[in-house]
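Start counting the sequence shown at 2; every next residue gets the next number (the numbering used here).
All clues stand as given, with none of them false.
With a straight-line Cα cutoff of 27 Å, these simulated DSS-like cross-link-like pairs (lysine-lysine) come out:
(1) 33 / 87
(2) 30 / 116
(3) 87 / 30
Label pairs and their calculated CB-CB ranges:
(4) 103 / 34: 32 to 42 Å
(5) 34 / 7: 10 to 20 Å
(6) 84 / 54: 16 to 26 Å
(7) 118 / 52: 17 to 27 Å
(8) 62 / 89: 15 to 25 Å
(9) 46 / 122: 19 to 29 Å
(10) 51 / 84: 19 to 29 Å
(11) 73 / 93: 10 to 20 Å
(12) 9 / 99: 17 to 27 Å
(13) 122 / 59: 32 to 42 Å
(14) 58 / 101: 35 to 45 Å
(15) 9 / 93: 12 to 22 Å
(16) 59 / 95: 28 to 38 Å
(17) 123 / 58: 29 to 39 Å
Since the hints were made in silico from the structure, they are not lab data. Model, not experiment: these values are computed from the prediction. Even glycine gets a Cβ: it sits at the ideal position worked out from N, Cα and C.
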Amino acid sequence: MKSYISMFEIPATDISRAIKFYQALLDIKIEKMDVEGMQMGILPYEGQMVTGVIIQADGYKPSADGVTIYLNAGENLQVVLDRVEKNGGQIILPKTAHADESGYFAIFLDSEGNKMALNSPK
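I would like the entire structure built from these sequences, with the hints used as guidance.
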């Protein structure tokens with residue numbers, strides 16, 4: 002399967018807080034790295050078509066404006082959405098059916114103030 006997205010970066014003002022948030026949200030282990038004045042959290046990428054990075058560096062500012070990244074929330078996004086507020090995020094739009102009935106989505110602010118979304122078939 003082809004993907005038009007190859008990589009995404011999620012800006013953070015507190016890399017440790019952001020890594021903790023996404024580890025709890027997605028139930029994954031995120032590797033922290035320091036590279037040339039940047040602190041990064043590398044999401045697991047083995048078997049993935051797209052690589053994701055959390056980054057704290059000059060020029061990276063969390064925002065609720067702009068592009069929204071939809072994260073794969075597995076079979077039922079409610080399981081993942083229930084972790085948002087428990088880990089310092091805020092739900093903006095609860096679980097909602099896609100207009101074409103292809104599944105569900107929800108929108109939230111992460112621990113850094115980035116607008117993000119979840120997507121799932123159920």
